[in-house]
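Please work from the sequences and hints to get the whole structure.
There are 2 protein chains.
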Amino acid sequence: MASRGISGDGGRGRTGGSEALPPVRPRRQRLAAASAGGEAPRALAAANGNARRARPVGRAAVDNRRRPIGVFDSGIGGLTVLKALVDLLPHEDFIYLGDTARLPYGTKSREVIVQYSRENTGFLLAKGIKVLVVACNTASAVALEEIARDTVVPVAGVIEPGAQAAVRATRAGKIGVIGTEATIASGAYTRALQRMRPGIEIYTRPCPLLVPLVEEGWTEGEVAERTVAYYLESLKQSGIDTLLLGCTHYPLLSALFGRVLGAGVRLVDSATATAAAVQKRLGALGLARREGRGAQSFFVTETPERFIRVGRRFMGPQVDSAVRIER
Amino acid sequence: MASRGISGDGGRGRTGGSEALPPVRPRRQRLAAASAGGEAPRALAAANGNARRARPVGRAAVDNRRRPIGVFDSGIGGLTVLKALVDLLPHEDFIYLGDTARLPYGTKSREVIVQYSRENTGFLLAKGIKVLVVACNTASAVALEEIARDTVVPVAGVIEPGAQAAVRATRAGKIGVIGTEATIASGAYTRALQRMRPGIEIYTRPCPLLVPLVEEGWTEGEVAERTVAYYLESLKQSGIDTLLLGCTHYPLLSALFGRVLGAGVRLVDSATATAAAVQKRLGALGLARREGRGAQSFFVTETPERFIRVGRRFMGPQVDSAVRIER
Chain A
1 MASRGISGDG
11 GRGRTGGSEA
21 LPPVRPRRQR
31 LAAASAGGEA
41 PRALAAANGN
51 ARRARPVGRA
61 AVDNRRRPIG
71 VFDSGIGGLT
81 VLKALVDLLP
91 HEDFIYLGDT
101 ARLPYGTKSR
111 EVIVQYSREN
121 TGFLLAKGIK
131 VLVVACNTAS
141 AVALEEIARD
151 TVVPVAGVIE
161 PGAQAAVRAT
171 RAGKIGVIGT
181 EATIASGAYT
191 RALQRMRPGI
201 EIYTRPCPLL
211 VPLVEEGWTE
221 GEVAERTVAY
231 YLESLKQSGI
241 DTLLLGCTHY
251 PLLSALFGRV
261 LGAGVRLVDS
271 ATATAAAVQK
281 RLGALGLARR
291 EGRGAQSFFV
301 TETPERFIRV
311 GRRFMGPQVD
321 SAVRIER
Chain B
328 MASRGISGDG
338 GRGRTGGSEA
348 LPPVRPRRQR
358 LAAASAGGEA
368 PRALAAANGN
378 ARRARPVGRA
388 AVDNRRRPIG
398 VFDSGIGGLT
408 VLKALVDLLP
418 HEDFIYLGDT
428 ARLPYGTKSR
438 EVIVQYSREN
448 TGFLLAKGIK
458 VLVVACNTAS
468 AVALEEIARD
478 TVVPVAGVIE
488 PGAQAAVRAT
498 RAGKIGVIGT
508 EATIASGAYT
518 RALQRMRPGI
528 EIYTRPCPLL
538 VPLVEEGWTE
548 GEVAERTVAY
558 YLESLKQSGI
568 DTLLLGCTHY
578 PLLSALFGRV
588 LGAGVRLVDS
598 ATATAAAVQK
608 RLGALGLARR
618 EGRGAQSFFV
628 TETPERFIRV
638 GRRFMGPQVD
648 SAVRIER
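Those sequence lines, one after another, are chains A and B. If you're matching positions, the first sequence starts at 1 in our numbering and goes up one per residue. If you're matching positions, the second sequence starts at 328 in our numbering and goes up one per residue.
There's no promise every hint is true.
[Unchecked claim] Output of the computed footprint for chain B on chain A, the stretches with three or more beta carbons under 8 Å from beta carbons of chain B:
id: 1; stretch: 100 to 113
id: 2; stretch: 212 to 219
id: 3; stretch: 224 to 236
id: 4; stretch: 297 to 305
[Stated by the list, open to error] Computed list of chain A residues with no C-beta within reach of chain B, every gap over 10 Å:
id: 5; residue: L88
id: 6; residue: L89
id: 7; residue: G173
id: 8; residue: Q194
id: 9; residue: I200
id: 10; residue: T204
id: 11; residue: R205
id: 12; residue: P208
id: 13; residue: L209
id: 14; residue: V260
id: 15; residue: G264
id: 16; residue: R281
id: 17; residue: G286
If you are wondering where the hints come from, they were derived from the structure by calculation, not from laboratory data. A quick note: this is a predicted structure, and the numbers were derived from the prediction, not measured. Just so you know, even glycine gets a beta-carbon here, dropped at the ideal spot from N, CA and C.
Structure below.
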């Protein structure tokens with residue numbers, strides 16, 4: 001798996017130039033107008049899951065396959081999703097945007113999360129992406145509909161795939177969901193799970209301290225264990241048999257979750273399920289690349305040092321450079 | 328102590344209108360040019376502590392007394408400094424700006440902290456303030472010189488007053504300093520302490536998890552106690568007799584610090600010392616108000632709900648409303 005160092009070329013690497021591939025250039029002005037408070041055009045409305053085929057077809061459609069996949073996250077955690085995508089789709093190019101200057105999203109309001117998500121989407125659309133993956137659970141939970149409504153490429157979030165994986169995993173029909181304050185407050189996982197299997201028992205718990213714990217590198221030890229035990233206490237007593245990890249940071253705490261909950265509780269995260277959903281979508285749209293070795297480009301809104309340092313814990317040494325964009 | 332609800336009036340409350348008091352209107356354009364990457368004018372350079380007298384004097388100087396004091400912070404913690412200011416200067420009006428959409432600053436890079444601090448300063452200068460207080464330790468440690476260089480009103484940070492209070496408190500000349508990653512990495516407290524008393528022993532420790540702990544409300548209990556004990560272990564073994572709380576959130580953990588370190592270690596925070604320094608400065612400049620009951624206006628960059636909810640833990644019920652500004 002190759003990583004491309006693009007520091008210093010202004011982000012105009014092979015995956016970064018929309019000029020080379022103009023056909024499905026997205027409508028940036030419209031997006032900008034919507035994020036400035038204007039009425040979003042309803043004509044484009046399409047819920048997540050209702051992917052529209054990129055136009056034009058035929059000869060141009062072949063070129064569209066070569067476009068990169070755009071992934072954004074509030075910061076670093078989305079690298080767990082990118083890692084799953086790269087593992088499953090090794091021929092694809094990826095452009096990852098981490099909004100590191102403004103993380104975390106999990107404690108922010110709906111209004112601000114939608115605004116920031118639209119700005120992230122606009123940046124990636126301008127890079128000529130063929131599919132947008134919203135890797136951040138909080139942004140997926142809160143802003144996915146707004147983003148999909150204004151965007152001409154298919155948009156995939158992590159909520160639906162994660163919920164589907166949890167429904168497949170549970171035997172007793174008792175699922176625990178943990179996430180940030182904003183993700184849990186949005187009720188997005190609860191709605192998705194209830195729609196997929198009405199009557200299912202769902203127990204939710206916001207766990208605001210787990211993201212700072214993981215970013216500090218405290219994924220083991222007494223403080224992490226007691227914090228996790230505290231957060232999971234009520235879920236454990238509810239008799240859940242499946243725990244849905246509704247935040248990209250949480251897979252790094254899997255060992256601890258397992259120890260606190262015991263072997264009888266299955267852990268489900270969205271990363272693998274989301275990658276599988278994106279693979280299926282690309283196939284259905286005829287947008288999958290069949291050959292070549294893909295690369296990843298990283299963009300961040302903070303200076304890149306911390307992203308690279310912490311990002312390696314999430315994805316490995318291929319997080320070796322990133323380009324800062326101003327916010 | 329009165330609070331003024333200014334929601335809905337667009338921030339044009341009595342303390343909010345710079346139109347009424349034009350004489351020392353700050354040079355916003357110059358500030359904007361500097362923050363856009365232009366060379367800052369050196370003619371205005373003045374280190375913190377070298378306050379310049381506001382002009383013009385005489386009749387207009389009397390009016391300048393009526394201007395509000397501007398205070399900014401990365402978010403909520405600066406309310407501990409505002410509280411100390413209000414207690415000591417009850418006749419003054421205050422405008423508080425919390426950059427809640429972009430908190431925390433403590434894990435951000437110097438470059439971004441300077442940029443955000445300049446934007447905060449520009450907002451407050453446009454409100455016609457007579458003095459600027461940088462309540463955030465991280466912004467004070469990293470960006471104070473840059474801010475003071477471009478600003479025509481006196482600028483006060485929390486580092487110098489905090490360091491002075493610690494030097495006064497220590498008997499053995501062994502001081503521990505705790506703060507965010509950015510504050511400790513800047514070395515600002517170490518430089519200030521060494522300048523004030525050469526040869527003093529200084530032991531520093533970044534404590535990144537304490538801010539999220541306080542914001543989650545976990546200022547007591549096992550997790551907080553073990554986290555604090557872990558962070559303070561090496562300082563305790565160094566034999567410090569004074570602990571300088573180099574972050575506005577930390578006073579809420581004072582009871583825990585005391586328990587972990589024992590009664591022999593004095594705790595010093597910057598809030599009270601900063602308020603005293605501002606009082607002295609106002610007196611020297613002839614800018615202090617002698618009568619009337621001051622009020623506080625709150626501005627935030629996020630939606631105000633969380634600021635009000637968490638802010639009350641820091642300052643009390645007078646945090647009852649805030650106006651959101653877009654960022």
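Practice problem: Please write out, lowest number first, the hints stated earlier that are contradicted by the structure. | Solution: Hints 12 and 13 not satisfied by this model.
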